[in-house]
Every structure is written in C-alpha cells, then in structure tokens.
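**Student:** Here the structure of chain A is known, so what remains is to put chain V in place on it, guided by the hints.
There are 2 protein chains.
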Amino acid sequence: MTSWLEKRAALSPDKPGLYAGEDVWTFSEMAIEAQRLAEKISPYIKNQKPVALLITNQPQSVFLIHALQIIRVPVLMLNNRLTSEEWRYQLQDSQAQLVLHEEQFSLKTETALSIDECMRNNNDTITRFEEEEICSLMYTSGTTGNPKGVMQSYDNHYASAAGSAFNIGHNPDDIWMCTVPLFHISGYSILMRSVIYGIAIKLYEKFDEQIIHADLSGGKGSILSVVTTMLQRLLDVKNEPYHPFFRCMILGGGPAPLHMVERCHNEDIPVFQSYGMTETSSQFTTLSPGDATRKVGSSGKPLFPGEILILDTDGNECEAGEIGEILLKGPSVTKGYLNLDKSVPFSNDWLKTGDVGYLDKEGFLYVADRRSDLIISGGENIYPAEVESVLAGHPAVIEAGVVGKKDDRWGEVPAAFLVVADQIDEERLIRYAKERLAAYKVPKIFRFTDSLPRNASGKLVRRMLKEEINHESD
Amino acid sequence: MTSWLEKRAALSPDKPGLYAGEDVWTFSEMAIEAQRLAEKISPYIKNQKPVALLITNQPQSVFLIHALQIIRVPVLMLNNRLTSEEWRYQLQDSQAQLVLHEEQFSLKTETALSIDECMRNNNDTITRFEEEEICSLMYTSGTTGNPKGVMQSYDNHYASAAGSAFNIGHNPDDIWMCTVPLFHISGYSILMRSVIYGIAIKLYEKFDEQIIHADLSGGKGSILSVVTTMLQRLLDVKNEPYHPFFRCMILGGGPAPLHMVERCHNEDIPVFQSYGMTETSSQFTTLSPGDATRKVGSSGKPLFPGEILILDTDGNECEAGEIGEILLKGPSVTKGYLNLDKSVPFSNDWLKTGDVGYLDKEGFLYVADRRSDLIISGGENIYPAEVESVLAGHPAVIEAGVVGKKDDRWGEVPAAFLVVADQIDEERLIRYAKERLAAYKVPKIFRFTDSLPRNASGKLVRRMLKEEINHESD
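Protein sequences, first through last, are from chains A and V.
So for the first sequence, this note's numbering puts the first residue at 3; every next one is plus one.
So for the second sequence, this note's numbering puts the first residue at 3; every next one is plus one.
This is chain A alone, in the form it adopts within the complex (with noise of 0.2 Å):
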C-alpha cells in the first residue's frame, strides 16, 4: 500500500510541496524525508493500535505524520497545550503503542519516546502495514466531559478535501497557509488537501499577524484558514493590499460579526465562513463571501455531496427557521468514537453534532448555540462540563457552572461561578486548576454564588449564567 505523499510524489516529484521560513521541500523530497523516518520509526512498532505525536508545527512533524501514514498506523494528534494528566488520559484510553514526543515535552509514561532518540537509530527497513482504514485520532469532549477519540478514516479526509475543492475551487499553483497547530483537524486537514491536490503548505510555527500580513501581502500564500480572532488581528495591521495571488480565507470557529464581514467585503477579502468539527473532518459547511453581506450570522450551505437535517426534540424535521438539533450526513463524517459502540454519536445514520441551529428557507445554515454550550477561545474548544468537573473536585467547591465570556482578543474566554463551601482565594483555585486543565481551558474570571440557576429537572441552565457574565460588560 502506497501512501498518499508517496503518491503525490510520483505524480509531482519537482513541484513545491512544503514551504517553511526560508526552507522548501518538494514533494520527492518530502517523501525522502518521511521514508527515512519511517525507517527509524519502524522497530518501534508491533501492530496497528495508534502512535501518538506531540510536536509543535515544524517541518519535522509534517514527515512525521506522512511517515505514520506510510507505516499505516493511525495517528493520535496530541494537542501540546494539555497537562500531562490529559495526555495519559488520552493515552490509555486508545492504547497508544508508542508516542512520539519533541524533547521540550517531558511525558514520563512507558510508551513514550523522544523523538531526538528515535532518530539516533539505524534501521533502514519500513514495516509497512495494510488495510487500516483509520488515519487520524483527535480527541474532543462532549455533553459527559469524558475525552472521546474521533476517529479519521482515509476515506473521511480525502471526501473531505474533495469537497473544499468543488467549493472553493482548486488552482494547482495554490500554496495554503498553514498557521493553525497540524493537531487540530484545521491543520492536519492542510496537510491532507496538500499531498491530495498537489499544492503546498506554508507552515508557521504560530500565527503572527505582523508575518502573515507580510506574507499575504508579498504573494507568499494563496489559502489562509484563520479563527475569528486571527483574522481580527490581521484587519488591525492591515495597511496595504494583499497580493493578487491571494484568493481566499477559510474562517472557523463560529459566525464573523458584521463589522468583520463589512470590512472584509469593503477591502476585498473573500472570507468563506465555515462550520465544522472534528467529528467532520474539517469544515462542513461554509458560507461563500458572495452571501456573506446578504446572511450575516450564518455558516452556509454543506461542502457537497453533504445534508444537513434539524430535528426537533421529539426527533421531528423541523421547518425552514424552526431552531432544533444540527444533524450531519456525508463522506467526511467519523465513522465514530474510538472503542465506543459505532452508535454512539449517529441517529439513522446522522451525526448528532449536539449543536443547536436552524435552516433558512433557502437551505442557509445558522447556528444558535454550540453543543454543550462550547466554548471557544481563540480557535481552541473548551467543554464547560469538563472544567466544571475539575472545578467541583476541589475540596472548597460544591458546586461549578462555566460559560464563556466575550473577549475582544480570544473571541471568548472561560468564566466560572461558583458555589463553594468554605471561603478559597481564586490564586489557590487557579493553581489547582492548572495543574490539571491545560492553561486555556482555566477559568479567567470567577464568581462566587449561593446557588446555580437549574431548570425543573435540576439541569445546570448555562445560557442564564452566560447572559449574566456578559451583561457585566456592557
């Protein structure tokens, strides 16, 4: 079984596959290099239960995961920001035979190897596996606060980047700018689209507005996929046109506020704003910058062939502007949780995003509250339930309610109130938390309470405390 950049490289061995700082690979060369560690990776692996990696955005990561495609093991993208506790939870729960780690993070588990000493081995044979269909593991939480491994098959990401094509279209000369972390399914996907069209990636180690403003604005990228608030900050230093050879940004993480899309529209920046997740492969939906003005607020229509389906709670259609649960059907869909019964997250064959939205009566989707009341902060997920529940296992805590509170910079930030038993000052909390939440998911205001609103069945009502919090700012 050839791998994708192997592939890639016989079809377009001298063409630009990677660009990163001053350095450029092509793709015969980028297949050199993840042979190699494959080579060295090699001895290390016994069967098909997933490898870990926890790397940062360097080159090195990018051979990395092409050389664990060309073994054919999936690969378990360990997001860097988290504590070690929320790796070894990851860890053990999809039996991760081996992780691949950059030395600046020390993982003091069995399975874990520096990639420094990987390297220092002679193996030069690779073990290549056959038939595994899934490529990607990420996790994300849910509604229980429990991390569930979401499973990426081959087939998902590659419908999933024929789709952005069909929508977007596909230049051969694009070069997609690559400043999300290769851990979330923005950056891996990249990745993906890179070695299935043919184009290259330009990688950054992390977004600098000031860089990427030079770099638009020099011709250096033609795909830019952005979170709110980076693109927020790429409007503030704006002060030339962009390069005619920039053709669009791909905008995730909820709806651009009208000021953004205006602006965008008056400077001629196509920003085609999207919808998706983890358990989609990347977006699902986008909204293209010709609608943009005309449905300010909403995420567009599916990539094809996608559908879209919003039930009401007794599992009704609902009408066109009736607000019910977002159901998702199509190719880039997970197959499901790792180790959880294929069920779990699908009704008749849709995914239950857990998202609440409605259609508008020409098919626009619009969402009005993210699953689990999500929170999302500078381009990163945060589950309120799981720091509630890191929160409400202090011994001073009774009980905790976290919601995200608007934030100029990140877009939102996470806000706890509290109900507590004995008095604790927040500096005690914050440590606490820290060590076992990764440090964006920490609370940054907190409140203390007598008591949290609950509906009639004794459900933490979110949407009063969050309405609360950012009320206080106005």
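None of these hints come from the bench; they were simulated from the model.
Same chains, same label: a pair holds when it works inside one copy or across any pair of copies.
Cross-link-like lysine to aspartate or glutamate pairs, in silico, DMTMM-like; alpha carbons within 25 Å at most:
no., residue 1, residue 2
1, K331, E134
2, K331, E132
3, K17, D293
4, K363, D126
5, K222, E242
6, K363, D16
7, K17, E364
8, K51, E104
9, K17, E309
10, K331, E135
11, K17, D362
12, K436, E207
13, K17, D270
14, K408, E428
15, K331, D157
16, K363, E31
17, K408, D357
18, K331, D16
19, K240, E264
20, K344, E135
21, K354, E324
**Tutor:** Frame of chain A, contents of chain V only:
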C-alpha cells in the same frame, strides 16, 4: 436519499447547469425537470433492476439520467448506433426492467416504452429506492467477444470527478463542452462532474467542428472532451485564437501524434492526453500539456490516488521500460461486470486491462497495444473478436481476422481477412454484417486469403494482419 442533482440544486439553485443551443437551465430548473420526469417514470419502476435509456444528446436525456438517479435505479446506457440484435443482448443480459427510448429508435421488446408515451401519463409522485450503489451500466466487449456490463458505482463517478479536478484544477465558473455521446463514459462522466463540481455543461447533439470552433473562439466553453479525430478536425478549421475562457481539452482515444502535439503547443492549446476505459469511469491517466513534447506517445500519469502496475507473463512486476500487461487500481475502478463473478477482471484487486504497455523511469505510462487488438474508430471501441464471430457465422466463411487500418478521418477503420469456402461478394457480406453489427463495426475493407496467421498454440496473430493492411497503404 437525495440525488446528486437535487443536492447541487440545493447548494447552487441559480447557477446555470446546462446550456443547449440557445437554451439554458439553472440547477434548480434542471432538478424540477428531472423530478417531473421521475414522477412520469415512477409507475413503471417495480424494483432496482436496470432501466435502459436509448437516447441522443438532448437536454431531455440529461434530465432522464438524473431522474433515474432520483429514483435510484441503475441506468443502462445503450449505444444508439448498435443494431436491434445488439441491444437485445444487453437488455437480456442485464435483465433490464424497462427501456425508455426516443421515438426514432424502434425497439420491439416487451419492456420498451417510448419517452413520448411515458410523458403522457399523469402520475405526480416519485417512488425513491434506497442504498443502490450502482449508478450506471455500460457494455463493452473483451477478448471473448461477449459484451459485458461494466458497473459504475456512485463512488466510482465521484472519485473520477475528484481525481480529474485535482489534476486539471477546478474553476467554479467552468463550462464543460459535451460533444461526445452521453451513452459513453466520456459523456456520462461530464454530466456527473457537472453536478459534483457545480459547473455547467454545454451539450451538443453531435460534433461539428465549425460550431465547436466558433464556441471556443467565442468564449462559450472552458473545457472540451475530444478524441483524436475531433481534435484534428478542429485544427483543420482553426483560423483564429480561442477565447481566454477556454482552458483545456481532455483528449481520449489514444495518444496524439507528434505533429498534433506540436501544433497544439504552438497555438497554445493545452491538451491533456488521457488513457481510460469504461471500467475506470473515464480517464485514468493524463499527460499534462507541460510534459506533452517531452513525452510524445505517453498517456501520462494516474489521476490521484490511482496506481498502475505492469506485469510480465509470469505475473512479476516489470522494470521501467519493460513491456507487460497494464493493471490499474483506484477508487474510480469498477467493482466488476454485472452478473459475472467479481473476480473476473481482477488479479489481487488490480484491474487487468488486457492492454499492453510500460512505465518509463519517471513513471509515465506508454500504451503499446490496446487490449485484444482493440480498434478505435472515431472514438468508438471495436473489438475484433466480436466482428470476427459475426463474420464467421456466415455460411460461406470458414474463418475471419479483423484488425484496424489507419484512417485519416476516423483514426482507424475495421478491415477483415477472410478464408472462405465459397466465393461471396463484399456487398452480401456487408449486408449480412449490418444486420448484426452497428454500422461503425462493419469492416470497410475485405481481403480474401487462403489462411490466417496463427501462432504455435493456434492463436490468431492479428499483429501480422495489421502490418499487412497498413503496409498496403504506404
């Protein structure tokens, strides 16, 4: 289950999807037409056995094809140039439940229904079936001379469309000109790309070089599918540059001769030479214009993610430059032939094409000989074994050998070598053959001989006949 056209109409309702003559239909207008036809046809559809279409390149044919996808029954596309006897064979073999035919084609079978008659009924509900994976059936002959029904799944068509887009790029404003028959994979696949990509097709009843030239010069189309003879005819009438909207031709039916490649290069006509067959749901490899002069005679490289394997007669993989049988693998490759064991055309999941060729060191495919001495005449495939078996059925004929003779207008025309028991004139033989074979398959040249060249195991050596007949003309 929503058909592709209906999904496309939901995504791009107001975008033109079909141009024919002076008429234009948006995707939503197309969907309405197709739904109306699906209502009319529904009462006649009892199960998911194939429904045959006997049509010409008319807008109605486009709507009929989509109507059958709405109902979700496989369509058997009948070549309208065949004889009644040939149609009957395919109808019987496929167990088609219905043949919808244009009035001009008279077909005396129980299952025949003229389209006009079908249109006269008043039904207004659609019975939709589910889960049928086979989209279309097209018969091709092989070494045995017995036509076999190639099954093309929805996945096959989708993968073929995606692979082509990744290769030549996808411009959402493209208009794909369709002068090739809808009943061939070349034409049918244009219809599929249209709804998958969301681009219009411009449909022509037949190929007329004056009209096509005018449309290429007038900016009426951006992509054109042609076979070598069509391209030659176009070049013959070309007297002004094509409009910048025109961006490429996809050339099927064998590699272009050097003079043609050079002429296209000089006149800045980007031609993607291709190799494919009904079994690969359209082009499987293409040679890009950039490689055309460097690799004259090559059919290029596979569409992503397709693969090629060349095997020698012992079943070992050939080295670069070594000639062997061409085997293909990829998601656009058929699952097999209708009603035949799935293993028939495969060897370890690789499609055995029967064609002979080699890969050069850079992985470019060169087709040395088409399967079973396939004759390609004006874009139509002619299988010598089929014609031979008809000729040998005549009482006066002892044995027959049929090969292609080079022809300026058609590329090749069939020529027959006959060993006869009694003298017989050509006229009578032609009449006999015309009753049993489509006109384009009837030999244009007859040679009477005492014996046919055979190898040690008694197998006809058509190569020698081919040399003889083509040498004559020098």
